[in-house]
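Asker: Here is what each chain is made of, one letter per residue.
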Amino acid sequence: MDILFVFGIYLAGVFVLAWLAGRVRLGKSFVGEYFLGSRGLGVWAFALTYAATVASGGTFVGVPAMVYTHGWSVGLWICAYMMVPLVAMGLIAKRINQVSRICGAITIPELFEKRFNSSAAGTTATCLVIFFLFFFLLAQFKAGAQIMAILMEGVPVYEASVAWLGRAVNGIPWLGAAEPDYLFCLGVFGISVIAYTAYGGFRAVVWTDVMQGIVMGIGVVLLLIFTWVQVGGWATATRKLQAMTPPEFSDGVVVRTTAMEGELRIPRGGWLLTADGGRVARLGSAVTLAAGQRESDPLEVLLPTTPTEIEDLGAKLETTAPRLELRGELRTYVYGAGQPGVYTSAPGPSRTNPAGFLPLLLAFSFFVFWNFGLVGNPAFMVRQMAYRDTRTLRRAMMFVAVYFGLIYFPLVLIFTSSRVLMPGMELFPDRVMPEFAAFLTAGAGVPWLAGLLIAAPFAAVMSSVDSFLLMVSSGLVRDVYQGKINPQASERRMKILSYCVTTAVGVLAFLAVMHPPLFLQDLIVFAVAGLAACFLMPGVLSLYWSRMTGLGAVAGMVGGFGTILALYVAGYLVHQRWSEYLLLGLHPFLWSMLVSGALVVMVSLNCRNPAQGLRERFFGTESPRSLSSL
Amino acid sequence: MLGTWAFFCVWVLVAAAISAYRTDDPDAALVLGLPAWVAWGLLLPWVSALVVTLWFAGWGMQDTPFEDEEGEGQAGHEDQPGLTKPEEN
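Note that the protein sequences, when read in sequence, are chains A and B.
The numbering of the first sequence is this note's numbering, which starts it at 1 and goes up by one.
The numbering of the second sequence is this note's numbering, which starts it at 1 and goes up by one.
Keep in mind that the hints were calculated from the coordinates and are not lab data.
Check before you lean on any hint, since a few could be wrong.
Said to hold, decoys possible - Covered stretches of chain A (chain B as the covering partner; in silico rule of three or more C-beta atoms under 8 angstroms from a C-beta of chain B):
#	region
1	88-102
2	400-411
3	498-505
4	566-579
Yeah, the Cβ is synthetic: ideal placement off N, Cα and C, and Gly gets one too.
Only chain A is shown next, with the shape it has when bound in the complex:
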């Protein structure tokens, strides 16, 4: 309950901030304030809303899962963040703010429409923003619900509520097929985030982002300290990691020993000795043996292969406990099996890729992807339209650079060590972060602090969900309704519509993710790559190239979209699962970026010159800005 109390304080803080943000909005122009905070963000607000939106559920749930599974090679995968503040903020932040002020744009599609005086450019941008951000929302909703389920596990009120909900939805189509604990947590998470985003708008999102950014920062620092103490220093952790080899997987059944009677329950993740006593196995799902039942149905199990791990885990297990009989073939990693040192080197172990987790060309792809993917993401672009002045931008860049350094590198350090302290999590990789937080705080004798540590990933998820929710909502209300259907809509009508649409989009995402997609990080990478594929080249060129036309922008967006979609479809056809196709070993994002950029240039040069008034308005009468200034 102590954990819940700390976590409850955090949630209460979020709601108070949202309420205050709603009060501040009174008396100001609704649309500009609701969707852009009246372009008045100061250093702290701008820096932390930017950082907190970048650090999503992927950072605190997906990345720890990957580090745990693939070791230090993930450091190479994520290290592009060292350049993100300089590239992502330095490349367009000043210019996009300037251009959006010139034309009074509040959303990215509106910026495209006004920059080119082309409704086709605006409409295309609106459709693509809504399409990709919806994928992003799904992944974040899933992450939020998962974290909450781990936090609540074992709390009597929660268990009773879940049991009641399970009975209530039993038999209802779609609802009844979902896991009741996941459904309950999804409901609580969804209602919280939809309520404060719909009520408070952009300012509430920014203010809560500030709080969430602080919680994340404190959470990572505490995790780092606890890990360092409990693992016995980084050198010890690295030496142990160097000796580790990837686990094996198989199917097996749980069998009673002769001395046991009555009903027997073993939770998901329980450890057992194998029937021959020579190995230990972790259960992929819970097992219940009724009185008189000798063995369970087959289930997936994980078998560690590192000798010291087997010895340590085996010593803790009772010899009279039930045993596990292996009934399936052993499934090993296709890269790294039986290979010490694979977790401390590249390309890292992989269950599916024979070339390893991160071949060198893919490492290059991600160095490009994380930097330019963020430049081309409308959710970050819109934040760069909201800061007050360039002095604010410069200070925010400094802050974000330090903040990312304190978040991303330590996360890799922490979760490579988690592999040493907490074996067998490959079965439930997305649960690594919250379970490790609970493990560390219990080990340190301060279990209540897990509430704050788990609030960190929860904050990351919330701060991203609210931003993307508002982006989708602004696309529909501002760009579609006000832009295309009713340009003379009254302030009151816009206000009611904004509340309703934000709520409706949230509810739709909630319904869609009731049966969650399997791979959280894959969905996030797809959404980020898709947005960047569509908006990076058209976005950057529209700010710096006066010759670019609206049709060029449309061609660039559609070309980027088509390329990335084609490479993901090809990946699915080749691998028979959700996966990208790495043409010549490079991530689809790079190909999409090239196609998109080429189309922008070719189509623009083949159109007639943009109107002189348009060029003068955005580029002045002096010599036009050139790309060499970047």
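Put chain B on the given structure of chain A with help from the hints.
Answerer: Relative to the frame of chain A, chain B by itself:
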């Protein structure tokens, strides 16, 4: 800016290519308790990139005054000076 990005990209990838992509030495040397390639190929460039960013944001970037041409949150798509109604190029 793009040149700075390219410099760090080359640093990280060359360092990785030379020393990270080899699993034949499970007892590889440690620096600051980390695998040596992590220290020289990730940590050091990260600290250097931080210094460069702080310098750029503190002294390299010039302040530019912003002027709003149109008020924010205006309803609809107002006629813009020198422009006709939205066209489809």
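Asker: Going through the numbered hints above, which ones does this structure break? Give me the numbers in ascending order.
Answerer: As far as the earlier hints go, 3 and 4 are violated by this structure, in ascending order.
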